[in-house]
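Protein chains: 2
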Amino acid sequence: MTQITAKAVSALRTKTGAGMMDCKKALVETGGDEEQAYEFLRKKGLKSAEKRSERATAEGRVYSYIHHNDRVGVMVEVACETDFVARGDEFGKLCSDICMHVAATVPSPVAVEAADVPPELVENERRILLDSEDMAGKPDEIKEKIVGGRIEKFIKERALLEQEYVKDPEMTVADRLTAAIAVLGENIKINQFARFELGS
Amino acid sequence: MTQITAKAVSALRTKTGAGMMDCKKALVETGGDEEQAYEFLRKKGLKSAEKRSERATAEGRVYSYIHHNDRVGVMVEVACETDFVARGDEFGKLCSDICMHVAATVPSPVAVEAADVPPELVENERRILLDSEDMAGKPDEIKEKIVGGRIEKFIKERALLEQEYVKDPEMTVADRLTAAIAVLGENIKINQFARFELGS
Chain X
0 MTQITAKAVS ALRTKTGAGM MDCKKALVET GGDEEQAYEF LRKKGLKSAE
50 KRSERATAEG RVYSYIHHND RVGVMVEVAC ETDFVARGDE FGKLCSDICM
100 HVAATVPSPV AVEAADVPPE LVENERRILL DSEDMAGKPD EIKEKIVGGR
150 IEKFIKERAL LEQEYVKDPE MTVADRLTAA IAVLGENIKI NQFARFELGS
Chain V
0 MTQITAKAVS ALRTKTGAGM MDCKKALVET GGDEEQAYEF LRKKGLKSAE
50 KRSERATAEG RVYSYIHHND RVGVMVEVAC ETDFVARGDE FGKLCSDICM
100 HVAATVPSPV AVEAADVPPE LVENERRILL DSEDMAGKPD EIKEKIVGGR
150 IEKFIKERAL LEQEYVKDPE MTVADRLTAA IAVLGENIKI NQFARFELGS
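Sequence order for the protein chains is X and V.
Under numbering that gives the first Met the number 0, the first sequence has 152 at position 153, and the numbering climbs by one with no breaks.
Under numbering that gives the first Met the number 0, the second sequence has 127 at position 128, and the numbering climbs by one with no breaks.
Think of the hints as simulated: they come from the structure by calculation, not from any bench.
Because the structure is a prediction, the values reported are computed rather than measured.
There may be inaccurate statements among the hints.
Stated by the list, open to error - Below 25 Å or equal to it, Euclidean Cα-Cα: the simulated SDA-like pairs (lysine to any residue) are: (1) X/Lys14 <-> V/His67; (2) X/Lys92 <-> V/His66; (3) V/Lys155 <-> V/Asp88; (4) V/Lys92 <-> X/His66.
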């Protein structure tokens with residue numbers, strides 16, 4: 000059986016922020032291979048991520064990223080359960096990934112969750128859609144149905160968690176978060192973000 | 000007469016972002032002393048800062064600062080007239096100074112200008128002040144007068160430009176901006192800022 004050193008456990012712990020016993024177990028199960036151990040933690044975590052979503056998140060990190068030419072900047076507040084996880088590399092990578100996503104994605108998100116997209120914005124979009132040319136002459140019932148579907152899409156495109164993740168369009172930003180929760184073994188939340196673009 | 004080298008002009012220009020002829024003149028007038036030339040530009044600029052306040056500011060920089068322990072972060076969008084000034088050291092220092100100020104100042108500013116402090120916030124404060132113990136029994140007229148003065152102070156304390164500048168309480172943040180306008184010879188505006196503090 001492979002000898003798992005305290006140093007290897009500590010390295011995996013620093014990388015992931017997962018608990019010491021979880022890290023040791025992951026290394027034992029994977030013959031001491033750090034990359035496989037990371038995957039092991041991720042898979043194990045995915046199954047319990049849902050249970051964690053109600054746990055208090057009082058720690059975390061404020062992170063920022065300034066895009067090329069200093070013309071676009073993003074700041075994000077990401078919360079987790081412990082200071083230890085907040086300071087780890089994996090959490091830092093998550094914060095960085097979220098910032099990059101917000102900097103690069105068009106249209107820019109206007110809220111973290113779909114429920115927080117401002118109603119005025121949605122109503123304005125609804126009016127524009129109802130007045131659009133291809134709605135002319137359609138019965139109200141049909142109009143409402145088509146516009147309803149488009150509004151749903153509109154909201155999904157503007158809520159950060161619902162957006163296609165810029166680094167992997169097969170997943171949403173919420174999926175990226177769940178992956179981090181799985182690895183780190185803590186509840187993680189995006190509390191808020193801001194995106195500034197020069198002159199807009 | 001002192002020989003002013005192209006290198007000295009260029010150095011002062013990079014530092015201040017002021018025009019080439021202005022930099023050369025400042026160096027000639029001060030016998031080639033960079034520090035005195037800087038002051039010369041500043042004094043000269045102060046007199047014309049007011050004239051600049053209507054000029055278009057389409058360039059600038061998005062800048063951020065993350066405070067100790069990654070628990071407080073500030074992002075600011077500062078606009079000026081040309082890309083050349085935006086990229087200079089002096090402008091970068093201004094952006095940094097504003098971020099530090101917003102990170103450190105209590106209470107945190109809620110708007111750039113006094114006119115942009117949200118009316119709901121002001122009305123809420125007015126109600127609290129009118130209901131405070133030391134108002135009890137006073138005639139309405141006197142109440143209004145006292146509370147009016149306190150509200151004025153409340154707004155000044157929460158508008159970024161009106162706040163005492165954290166690095167020099169003898170001046171306001173607006174004064175810090177005016178000093179930069181004087182040195183750089185361009186109109187400069189704080190377009191927006193955000194301050195995130197973990198868990199608040």
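*Take the C-alpha atoms of lysine 92 of chain V and histidine 66 of chain X, compute the straight-line distance between them, and say whether it is at most 25 Å.*
holds (19 Å)
_Given the hinted pair lysine 92 of chain X and histidine 66 of chain V, is their Cα-Cα distance within 25 Å?_
holds (19 Å)
*Does the structure keep lysine 155 of chain V and aspartate 88 of chain V at a Cα separation of 25 Å or less?*
violated (30 Å)
*Could you grab the alpha-carbon distance between lysine 14 of chain X and histidine 67 of chain V and see if it respects the 25 Å cut-off?*
holds (22 Å)
Violated hint: 3 only; the structure is consistent with all others.
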